[in-house]
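S.K.: Here are the chains, one letter per residue:
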Amino acid sequence: MELPTPNADILARKGAIVRRLQSVLPEGAVIADEQEVKAYECDALSAYRCPPLVAVLPASTEEVAAVLKICHEEGVPVVPRGSGTSLAGGALPTSDSVILGVSRLNKVLETNYDDRYIRVQSGRTNLSVTGAVEAMDFFYAPDPSSQLACAIAGNIAMNSGGAHCLKYGVTTNNLLGVTMVTMEGEVIEIGGAYLDAAGYDLLGLITGSEGQLGVVTEATLRILHKPEGARPVLIGYDSNEVAGACVSDIIKAGILPVAIEFMDRPVIRAAENFTRAGYPDVEALLIIEVEGSEAEITEQLEKIKAIARRHNPVELRESRSAAESANIWKGRKAAFGAMGQINDYMCLDGTIPVSQLPGVLKGITELSEKYGLGVGNVFHAGDGNMHPLILYDANKPGDLELAEKMGADILTLCVEVGGCLTGEHGVGVEKRDLMGVQYTPADIAAQMGVKDVFDPQWLLNPAKVFPLKDTESRRSA
Amino acid sequence: MKPVDEKELSAAIADASGPLAIVGGGTRKIGHRGGAPLYTGGLSGITLYEPGALTLVVRAGTPLQEVESALAAENQRLPFEPVDLRPLQGTSGEPTIGGVVATNAAGPRRIQAGACRDSLIGVRLVDGQGHILKNGGRVMKNVTGYDLVKLMAGSHGTLGVLSEVSFKLQPIPEAGASVLVEGLEDSAAIAMLARALGSPFDVNAAAHIPATGQTLVRVEGLEGSVKYRAGALASLLGGTVVDFDWTTIRDVRPFVGRTGDVWRFSVKPSDGPKLGAALRALGASDILYDWAGGLVWALAGEGRDLRPALSGFAGHGTLIRASDATKSAVPVFQPEPPAIARLSAGLRAKFDPRGILNTGMMA
Numbered sequence: 001m002e003l004p005t006p007n008a009d010i011l012a013r014k015g016a017i018v019r020r021l022q023s024v025l026p027e028g029a030v031i032a033d034e035q036e037v038k039a040y041e042c043d044a045l046s047a048y049r050c051p052p053l054v055a056v057l058p059a060s061t062e063e064v065a066a067v068l069k070i071c072h073e074e075g076v077p078v079v080p081r082g083s084g085t086s087l088a089g090g091a092l093p094t095s096d097s098v099i100l101g102v103s104r105l106n107k108v109l110e111t112n113y114d115d116r117y118i119r120v121q122s123g124r125t126n127l128s129v130t131g132a133v134e135a136m137d138f139f140y141a142p143d144p145s146s147q148l149a150c151a152i153a154g155n156i157a158m159n160s161g162g163a164h165c166l167k168y169g170v171t172t173n174n175l176l177g178v179t180m181v182t183m184e185g186e187v188i189e190i191g192g193a194y195l196d197a198a199g200y201d202l203l204g205l206i207t208g209s210e211g212q213l214g215v216v217t218e219a220t221l222r223i224l225h226k227p228e229g230a231r232p233v234l235i236g237y238d239s240n241e242v243a244g245a246c247v248s249d250i251i252k253a254g255i256l257p258v259a260i261e262f263m264d265r266p267v268i269r270a271a272e273n274f275t276r277a278g279y280p281d282v283e284a285l286l287i288i289e290v291e292g293s294e295a296e297i298t299e300q301l302e303k304i305k306a307i308a309r310r311h312n313p314v315e316l317r318e319s320r321s322a323a324e325s326a327n328i329w330k331g332r333k334a335a336f337g338a339m340g341q342i343n344d345y346m347c348l349d350g351t352i353p354v355s356q357l358p359g360v361l362k363g364i365t366e367l368s369e370k371y372g373l374g375v376g377n378v379f380h381a382g383d384g385n386m387h388p389l390i391l392y393d394a395n396k397p398g399d400l401e402l403a404e405k406m407g408a409d410i411l412t413l414c415v416e417v418g419g420c421l422t423g424e425h426g427v428g429v430e431k432r433d434l435m436g437v438q439y440t441p442a443d444i445a446a447q448m449g450v451k452d453v454f455d456p457q458w459l460l461n462p463a464k465v466f467p468l469k470d471t472e473s474r475r476s477a
Numbered sequence: 478m479k480p481v482d483e484k485e486l487s488a489a490i491a492d493a494s495g496p497l498a499i500v501g502g503g504t505r506k507i508g509h510r511g512g513a514p515l516y517t518g519g520l521s522g523i524t525l526y527e528p529g530a531l532t533l534v535v536r537a538g539t540p541l542q543e544v545e546s547a548l549a550a551e552n553q554r555l556p557f558e559p560v561d562l563r564p565l566q567g568t569s570g571e572p573t574i575g576g577v578v579a580t581n582a583a584g585p586r587r588i589q590a591g592a593c594r595d596s597l598i599g600v601r602l603v604d605g606q607g608h609i610l611k612n613g614g615r616v617m618k619n620v621t622g623y624d625l626v627k628l629m630a631g632s633h634g635t636l637g638v639l640s641e642v643s644f645k646l647q648p649i650p651e652a653g654a655s656v657l658v659e660g661l662e663d664s665a666a667i668a669m670l671a672r673a674l675g676s677p678f679d680v681n682a683a684a685h686i687p688a689t690g691q692t693l694v695r696v697e698g699l700e701g702s703v704k705y706r707a708g709a710l711a712s713l714l715g716g717t718v719v720d721f722d723w724t725t726i727r728d729v730r731p732f733v734g735r736t737g738d739v740w741r742f743s744v745k746p747s748d749g750p751k752l753g754a755a756l757r758a759l760g761a762s763d764i765l766y767d768w769a770g771g772l773v774w775a776l777a778g779e780g781r782d783l784r785p786a787l788s789g790f791a792g793h794g795t796l797i798r799a800s801d802a803t804k805s806a807v808p809v810f811q812p813e814p815p816a817i818a819r820l821s822a823g824l825r826a827k828f829d830p831r832g833i834l835n836t837g838m839m840a
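Here the protein sequences come in this chain order: A and B. Numbering-wise, the first sequence is residues 1 to 477 according to our numbering. Numbering-wise, the second sequence is residues 478 to 840 according to our numbering.
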């Protein structure tokens, strides 16, 4: 993968730039040492690394504004960074860029249960937002699998989803307002503790813009009261097609579970070996979770089980206790880690229309044979958000490139059947050059036009999202 | 002009020599604008409907009625409860699905299922220079590039003319029930709605009608679940389980047939009753609360500017119904702070550099 050529002039001015940043930040908040900046050289797409020029860790909106103002004046690119859990390289630096980490912006600013929102600084982790309100039986709904580590700032940048978004939506559906600093260093407020901000939906536009339009420092998030209870059921089938048909029938029947998770045999086996969750050795496994009171849970599960039985399941296991529920989820939650035990892997997240599930799974198997690389599938089946894990050997020369090629073919297949390149991870650097598969040059130009408005000099996270050749003239202007 | 496909729409816009006023069903009279009418009714019909995937793709000029009938036949619906303001606005005709998107219209279920923008998963449009553009698609989760889908929702046709829109849908639940509490003052009513929404019972509508002293919440779902939750809410709130027609709230029916201007404010729910009092002090003759107090409708004598009532509250107000004279004197849309106004103007200039699309709207 190509990275833009660093600006030699910026590299030469490092000392002066560092001194200016030090003048507006407290001691320890500017990391310029060549060894120390290596801590920021990559995110969770760790195949690609590049130490930044300098990293800064501001602790307030004012400090973020001061940093951006300097970088704007100096013409230095800025790469915002939440917790560095991006699987798409969203926080990958360039050697001439300043990493702006929001990890010190981690306070809860306000909780309001009457109006059902929490206002936090954006570096706070996803799970600790729920942690701040769960004593009152409330929670923050989006639950990406990295929720223990990932920051709200990154969730907003990538419009993160999670297993439970079938019912509760993704970040954009749960975000009410932000305080954002523009590249010029101006602090703006968009939305607030009320619904549907006035004017254009700038909040919707910011969400998922991968840190290219501004740096979000504070966020107002919708919180919900927890349901009385939740319970999963585990259903095994001997074919992916039948499991897919079962999912479709459940949705058509008007039942809306909070989660429908799907795993195929390679993932089931890896998860079982890793966690001993008691998964059956079947072709396809569904975990379906419903919520409510005891009676409501029973009512929904009876309907789901009736539909599932019509498709002749190999296994149908309803949880009878909290321990059994935890066990059913244990394997799924550890699935990525379990696959990682076996191999290096690349995780994609193309999304497809649910009706195309069986065909796409078949297509992925064919590509796996063609490239000679194993692949496991684990995904949010209710919304068609796939997660094919392509297995490769990082120590074998050429294997990563082969996996990337196969990944591009899988994503192209997703787009061909009416889906998209990425459902929740974002484009980052990883899928940047595939944008043309999904969008026409005019579509891409319209999106770049939005960045022109927010960041005319293309200094914020400039080498992401769009094909490098399309952005070159803007980045070097 | 009444293009029948995207190509004709593109040509009509590219060749336009002056301002265009985009007309769907012509049922919404928000704002004022001049220009040659550009009718979208020729861009009609459902392109793709997959009930098993809960997705619909439909041309923008399709009547809302046609969309809702097709969905109802499969026992599905648009989640956000589109409003029908024809009686309030005194208009006739058939609203189009594109008009629903352009105004981001959402009814009482907004508090749980989101607004139109939350169900909208894809758009095709023609921008102010005639470029045919798409964004999003037909899948529920999509973070590929910027979310121009949200930007288009509620942009009142000022950034482009929609040609096709896609939605995620909702199954029509087996049952629904409402709980009614009577005789509460505004602030006590809104506090009670907060208690209902702070319960685990998944309330999806919450309103207060000061004129009749009715405070209402709604639950929907499976038969047994609805019975259980409605019962639990009735005992929590000290109310009774009733059948209630929520189109009363959705379409602001208490104001229908009464003269005067109609305003719509969005604020923090607990600020609702305080705003209501401030609006009355400025001359509002009636108030209606939806969204648990977060949406405040006000009826007032013609030509009054009610926006000063917002001072001290975060939120915004739109003048929904008024004479042209009033609309010329009082801003229809909430004036924006300078930094936001600059971004809005910048976006508008990018999508419509000649400034020909619905020029008077959102201005």
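Source of the hints: derived by calculation from the structure; they are not laboratory data. Wrong hints could be hidden among the right ones.
As the list claims (entries may be wrong) - Keeping only pairs whose Cα atoms sit at most 27 Å apart, straight-line, the calculated DSS-like set for lysine-lysine is:
#1 A/K330 to A/K303
#2 B/K751 to B/K611
#3 B/K827 to B/K479
#4 A/K333 to A/K362
#5 B/K804 to B/K484
#6 B/K751 to B/K804
#7 B/K827 to A/K69
#8 A/K69 to A/K14
#9 A/K303 to B/K704
#10 A/K305 to A/K226
#11 A/K305 to A/K167
#12 B/K479 to B/K506
#13 A/K370 to A/K330
#14 A/K69 to A/K107
#15 A/K14 to A/K38
#16 A/K305 to B/K751
#17 A/K362 to A/K226
#18 A/K167 to B/K751
#19 A/K469 to B/K479
#20 A/K252 to B/K704
#21 A/K405 to A/K305
#22 B/K611 to A/K226
#23 B/K506 to B/K704
#24 B/K827 to A/K469
Unchecked claim - Rough simulated footprint, nothing fancy, chain B against chain A, three-plus residues with beta-carbon under 8 Å:
#25 118-124
#26 286-300
#27 416-430
Remember, it's a predicted structure, so these values are computed and weren't measured experimentally. All C-beta atoms, glycine included, are put in the ideal place defined by N, C-alpha and C.
S.K.: Identify every previously stated hint that the structure contradicts and give their numbers, smallest first.
M.R.: 2, 5, 13, 16, 17, 18, 19, 21, 22, 23, 25
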